[in-house]
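All chains should be built: construct the whole structure from the sequences, respecting the hints.
Line order of the protein sequences matches chains L and U.
Here the numbering used here is used: the first residue of the first sequence is 1, the next is one more, and so on.
Here the numbering used here is used: the first residue of the second sequence is 112, the next is one more, and so on.
Hints should not be assumed to be uniformly reliable.
Below 20 Å or equal to it, Euclidean Cα-Cα: the simulated EDC-like pairs (lysine to aspartate or glutamate) are [what the hints assert, rightly or not]:
1. L:K37 <-> U:E155
2. L:K37 <-> U:D174
3. U:K164 <-> U:E214
4. L:K3 <-> U:E155
Simulated from the structure, these hints should not be mistaken for lab results.
From a predicted model like this one, the values you see are computed outputs, not experimental measurements.
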Amino acid sequence: GEKVEQHESTLSVREGDSAVINCTYTDTASSYFPWYKQEAGKGLHFVIDIRSNVDRKQSQRLIVLLDKKAKRFSLHITATQPEDSAIYFCAASMRYNVLYFGSGTKLTVEP
Amino acid sequence: GPKVLQIPSHQIIDMGQMVTLNCDPVSNHLYFYWYKQILGQQMEFLVNFYNGKVMEKSKLFKDQFSVERPDGSYFTLKIQPTALEDSAVYFCASSPRLGGVAETLYFGSGTRLTVL
Numbered sequence: 001g002e003k004v005e006q007h008e009s010t011l012s013v014r015e016g017d018s019a020v021i022n023c024t025y026t027d028t029a030s031s032y033f034p035w036y037k038q039e040a041g042k043g044l045h046f047v048i049d050i051r052s053n054v055d056r057k058q059s060q061r062l063i064v065l066l067d068k069k070a071k072r073f074s075l076h077i078t079a080t081q082p083e084d085s086a087i088y089f090c091a092a093s094m095r096y097n098v099l100y101f102g103s104g105t106k107l108t109v110e111p
Numbered sequence: 112g113p114k115v116l117q118i119p120s121h122q123i124i125d126m127g128q129m130v131t132l133n134c135d136p137v138s139n140h141l142y143f144y145w146y147k148q149i150l151g152q153q154m155e156f157l158v159n160f161y162n163g164k165v166m167e168k169s170k171l172f173k174d175q176f177s178v179e180r181p182d183g184s185y186f187t188l189k190i191q192p193t194a195l196e197d198s199a200v201y202f203c204a205s206s207p208r209l210g211g212v213a214e215t216l217y218f219g220s221g222t223r224l225t226v227l
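Put into structure tokens, the structure is as follows:
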């Protein structure tokens, strides 16, 4: 089955800098790649997604890039703020909303 | 945004007993899911459910597991009997549609199940 690897387990940046979280996947049939944010004690909150028919998507300070040849996708958070601090999960899906999750990246934005 | 509620947030139970985890999905959603996360590990798909039926389940969805949503009430995950390895956080999710194109899943805050 699909395996999603999230490369950074922790990431620390200064407020205002950019943060980049990288994920790779194994199954070329995967076509949907969402990102979720989890704050302490809370559930997963959807932040942004990208489908395989595009290679870039932006929503305000969030940019997602998809490289299908390399089977890699990444989340870029620009102009980080302290409230961006959370655990971010990448996921991949090929059918029926069966999401295969990465192991999570704990992002800390230092003032 | 849309909210999925999970009740209870924590549950402690003795091995061999039955447990029911409850999920109140987003009101107009039709598709429901359970995911399992063992401490320190990745979240893993258990099952999805639509129109009263399980559509797909993973190998983690053991025979002791069952799901239902009677009469539009809670979407439930029942484990009977429980085993030590069932200790985990169980996340419920729902989505408005399911088709050839994946839809955004909305997750609850999880139920932490501890089996003693």
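Here is how each hint holds up against the structure:
{"no.": "1", "hint": "L:K37 <-> U:E155", "result": "holds (16 Å)"}
{"no.": "2", "hint": "L:K37 <-> U:D174", "result": "violated (32 Å)"}
{"no.": "3", "hint": "U:K164 <-> U:E214", "result": "holds (19 Å)"}
{"no.": "4", "hint": "L:K3 <-> U:E155", "result": "holds (11 Å)"}
Checked against the numbered hints given earlier, the structure breaks only hint 2 and satisfies all the rest.
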